[in-house]
Amino acid sequence: MSEEPAVQLHGVSVQYRGAERPSLSNLDLTVQRGEWLTVIGPNGSGKTTLIHAIAGLVPSTGSIGVAGVNPRKTPPRKLARTVALMPQRPTVPAGMTVSDYVSLGRYAYASSSRLNDEIVDSVLTQLGIAKLHGALVSRLSGGQQQIVALARALAQQPEVLLLDEPTSALDIGHAQRVLERADAVRHERGLTVISTVHDLVLAGQFGDRLGLVVDSRLVQVGQAEEILTADRISDVYGAQVKIVKVEGHAAVIPVRKPSVRTNQRE
37 MSEEPAVQLH GVSVQYRGAE RPSLSNLDLT VQRGEWLTVI GPNGSGKTTL
87 IHAIAGLVPS TGSIGVAGVN PRKTPPRKLA RTVALMPQRP TVPAGMTVSD
137 YVSLGRYAYA SSSRLNDEIV DSVLTQLGIA KLHGALVSRL SGGQQQIVAL
187 ARALAQQPEV LLLDEPTSAL DIGHAQRVLE RADAVRHERG LTVISTVHDL
237 VLAGQFGDRL GLVVDSRLVQ VGQAEEILTA DRISDVYGAQ VKIVKVEGHA
287 AVIPVRKPSV RTNQRE
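Its first residue numbered 37, the sequence shown is counted upward by one per residue in the working numbering.
Since the hints were derived computationally from the structure, they do not count as laboratory data.
Where is the CB? At the ideal position from N, CA and C, for every residue including glycine.
Any given hint might turn out to be false.
What the hints assert, rightly or not - Label-pair ranges, simulated between beta-carbon atoms: (1) G104 with P294: 14 to 22 Å; (2) V282 with S158: 28 to 36 Å; (3) M132 with G70: 29 to 37 Å; (4) M132 with T265: 41 to 49 Å; (5) G284 with M132: 37 to 45 Å; (6) P294 with M132: 46 to 54 Å.
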């Protein structure tokens, strides 16, 4: 008997009240256990709505299964032990230390405070930020805050981890570190990861498959080299790029179009 997929969506649509058109339209998706799916697409295409639908945060139609449960019908505490979301813009509470903030991820468990502390310490060590346990979250750099937000999500000990634009507003060094640490923990724990990424340079480097969302529809799911083509990116984003292979992964390089002034000088 084959193992049940970690995430399975069939005919899922989301339309917010008062909106003229759906934010997601008739979407089908299957993500296997232990897989990392990276979702890309232009701004406003429906990427974040997809993440929120899987997390059970928005009203939707169609069928959604996450690690064997329906997020729309599962009590919040039970759902929090199944799926964890690292939001695009985590709320940073004033006056809260890193360890206290990460401890919020343990709210779904009726565990002893000692066990919770051990799990929090373990997560901080896994992510390489144990030395920050007593620091105020509000005083950390943007990159450090993102890793702390990831730690809070991992403290939930979920089966499925959702990362909504985890590298937004980060420089390339911090962005790489956030994704690399998430990938390391995925392999250690056997997590399933679904992330949205707007940076196509990073999209081709992280994830087993890519999903492309355009105008509320999932138009393609496949290997990075199948989706990250110069023609496809030109059609979807209106951008001129070159695709190169780096360490076996597709890397997208923006290519500046010749300007009128440059042509005139020639």
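So, going through the hints one by one against the coordinates:
Checking the proposed 14 to 22 Å range against G104 and P294 shows it is violated: the Cβ atoms sit about 54 Å from each other. The given range of 28 to 36 Å is respected by V282 and S158, whose C-beta atoms sit roughly 33 Å from each other. One distance hint, 29 to 37 Å for the beta-carbon pair M132 and G70, holds here, with the actual separation near 33 Å. Between M132 and T265, the C-beta spacing of about 45 Å keeps the proposed range 41 to 49 Å intact.
In this structure the hint that G284 and M132 lie 37 to 45 Å apart at CB holds, the actual value being about 41 Å. At about 51 Å, the CB distance of P294 to M132 agrees with the hint of 46 to 54 Å.
Violation of the numbered hints given earlier is confined to hint 1; every other hint is satisfied by the structure.
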